[in-house]
Amino acid sequence: MNIKVLYFARLREKFGRAEESMPFSAGTVGALLELLRNRGPVWSEQLSADRNYRVAVNQVLADASTPIKAGDEIAIFPPVTGG
Amino acid sequence: MNIKVLYFARLREKFGRAEESMPFSAGTVGALLELLRNRGPVWSEQLSADRNYRVAVNQVLADASTPIKAGDEIAIFPPVTGG
Amino acid sequence: MKITVQETDFDAATEIAELRANHSRTGAIASFIGLVRDHNDGDAVTAMTLEHYPAMSAKVLHDIVEQAMQRWQIEDVTVIHRTGRLVLGDQIVFVAVAAAHRHDAFLACELIMDFLKTAAPFWKKEQTAQGERWVESRATDEDARLSWLDSSDISAR
Amino acid sequence: MKITVQETDFDAATEIAELRANHSRTGAIASFIGLVRDHNDGDAVTAMTLEHYPAMSAKVLHDIVEQAMQRWQIEDVTVIHRTGRLVLGDQIVFVAVAAAHRHDAFLACELIMDFLKTAAPFWKKEQTAQGERWVESRATDEDARLSWLDSSDISAR
Numbered sequence: 010m011n012i013k014v015l016y017f018a019r020l021r022e023k024f025g026r027a028e029e030s031m032p033f034s035a036g037t038v039g040a041l042l043e044l045l046r047n048r049g050p051v052w053s054e055q056l057s058a059d060r061n062y063r064v065a066v067n068q069v070l071a072d073a074s075t076p077i078k079a080g081d082e083i084a085i086f087p088p089v090t091g092g
Numbered sequence: 010m011n012i013k014v015l016y017f018a019r020l021r022e023k024f025g026r027a028e029e030s031m032p033f034s035a036g037t038v039g040a041l042l043e044l045l046r047n048r049g050p051v052w053s054e055q056l057s058a059d060r061n062y063r064v065a066v067n068q069v070l071a072d073a074s075t076p077i078k079a080g081d082e083i084a085i086f087p088p089v090t091g092g
Numbered sequence: 020m021k022i023t024v025q026e027t028d029f030d031a032a033t034e035i036a037e038l039r040a041n042h043s044r045t046g047a048i049a050s051f052i053g054l055v056r057d058h059n060d061g062d063a064v065t066a067m068t069l070e071h072y073p074a075m076s077a078k079v080l081h082d083i084v085e086q087a088m089q090r091w092q093i094e095d096v097t098v099i100h101r102t103g104r105l106v107l108g109d110q111i112v113f114v115a116v117a118a119a120h121r122h123d124a125f126l127a128c129e130l131i132m133d134f135l136k137t138a139a140p141f142w143k144k145e146q147t148a149q150g151e152r153w154v155e156s157r158a159t160d161e162d163a164r165l166s167w168l169d170s171s172d173i174s175a176r
Numbered sequence: 020m021k022i023t024v025q026e027t028d029f030d031a032a033t034e035i036a037e038l039r040a041n042h043s044r045t046g047a048i049a050s051f052i053g054l055v056r057d058h059n060d061g062d063a064v065t066a067m068t069l070e071h072y073p074a075m076s077a078k079v080l081h082d083i084v085e086q087a088m089q090r091w092q093i094e095d096v097t098v099i100h101r102t103g104r105l106v107l108g109d110q111i112v113f114v115a116v117a118a119a120h121r122h123d124a125f126l127a128c129e130l131i132m133d134f135l136k137t138a139a140p141f142w143k144k145e146q147t148a149q150g151e152r153w154v155e156s157r158a159t160d161e162d163a164r165l166s167w168l169d170s171s172d173i174s175a176r
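If you read the protein sequences in the order shown, they are chains A, B, C and D. Under this note's numbering, read the first sequence as residues 10 to 92, first letter to last. Under this note's numbering, read the second sequence as residues 10 to 92, first letter to last. Under this note's numbering, read the third sequence as residues 20 to 176, first letter to last. Under this note's numbering, read the fourth sequence as residues 20 to 176, first letter to last.
Just chain A, with the same shape it has in the complex (with noise of 0.2 Å):
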């Protein structure tokens, strides 16, 4: 299966990439991450559990366990500053 993910603000640019559509057997957030931080020493610093970052599933905050679907768009960013 295929799923969607945004990267926006400071995580956009350490990433490199604003989105990107990747192959993901289902799973959880938390299993999401894990890949990720597996891509090498930038993913595995910007997403370690000691970081500050925020997880939406179809533009809803999620937490590690949240369940993770085909097509679903995921976003990956850091605590929010606007207002």
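Since the hints were derived computationally from the structure, they do not count as laboratory data. Backbone N, C-alpha and C define an ideal beta-carbon position, used for all residues, glycine too. Be a bit skeptical, because a hint or two may be false.
[Unchecked claim] Keeping only pairs whose Cα atoms sit at most 27 Å apart, straight-line, the calculated BS3-like set for lysine-lysine is:
#1 D:Lys144 - A:Lys78
#2 A:Lys13 - D:Lys78
#3 C:Lys21 - B:Lys23
#4 C:Lys78 - C:Lys144
[As the list claims (entries may be wrong)] Which stretches of chain C does chain B cover? Using the computed rule of at least three CB atoms under 8 Å from a CB of chain B, they are:
#5 37 to 50
#6 62 to 73
#7 131 to 142
Given chain A's structure and the hints, the job is docking chains B, C and D onto it.
Frame of chain A; chains B, C and D shown alone:
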């Protein structure tokens, strides 16, 4: 000595006047109120101690013990309802 | 600081633009507009007349604004209160507070309104279907004023 | 209810006039404008770029406004958030709440801003004399959000 007394809103209507200049021998707000109450039933009723009204001396809120001197401007009015 | 009592209407955007001018530290503007609404105490209201004590009203508004400026970090404040005859939907009062941070602006704006409601010498006479009547002061307005007296400067809600 | 995320500027008076139209029960309008200010964390700021997550930002703003409308007696709400490049003094965000009574309007307006600051997916990148930098989120904003969670509907400050 003479003082100026102003009346506002409901009290202005009840007393049939917006302001007056009146002789008043040195005393307090309490003494002035007693003098006004002696003018008749409308005055004694509107200015009775259980009625809710305010007195200002020279545009500053006062109480019964506030002294009044020659030339002072005394205002008597209902609780405010602006805004 | 701009404090005026006037019969004429005001334009909120013009006032806010003036408030912002020359205050580059301003990051937040909280403002309030009070309007003549269609009902009060259960009766339909069509219009009202606002009376004030001219020698005292602007003075009290100044005192209130000074209290707010001593309590929070405020850049500037505008207060406009109208008098005379007003009809349904008309603007009655405008308060705008410019500050570096939003919490200061919100608190100052609300305090100014709460104190204005209970201390500034204005009186409303409403025209209703049942005739004219002087508006009664509200215990809830006095409660609102009192709520500011026993709270610390920056406190939880 | 009007909620927009846009690059273009807005005019507060136009927005307030639209908010008032068709709401004769409205006696109070509390509003807030957030501006680009000249300093942040000690450095001079000359401009900023605001990025957002388009599919999510308006959705979150809607959710926030719904929460406020369930909590207080609110007639109508307008929220405008700008994105893109903004310079010193530019308007960033506008929130206006129309209600019968002022306390409801003030509380709703402040809650919407506090929740927006901590939940709506917008990010600021500032241009300072020291170069570009992403704005850091503030613990005080999170504290402000939390302050709404354990308070009753009409509570002392």
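Right, here's what the structure says about each hint:
no.	hint	in the structure
1	D:Lys144 - A:Lys78	33 Å, violated
2	A:Lys13 - D:Lys78	19 Å, holds
3	C:Lys21 - B:Lys23	35 Å, violated
4	C:Lys78 - C:Lys144	22 Å, holds
5	37 to 50	violated (count 0)
6	62 to 73	holds (count 4)
7	131 to 142	holds (count 9)
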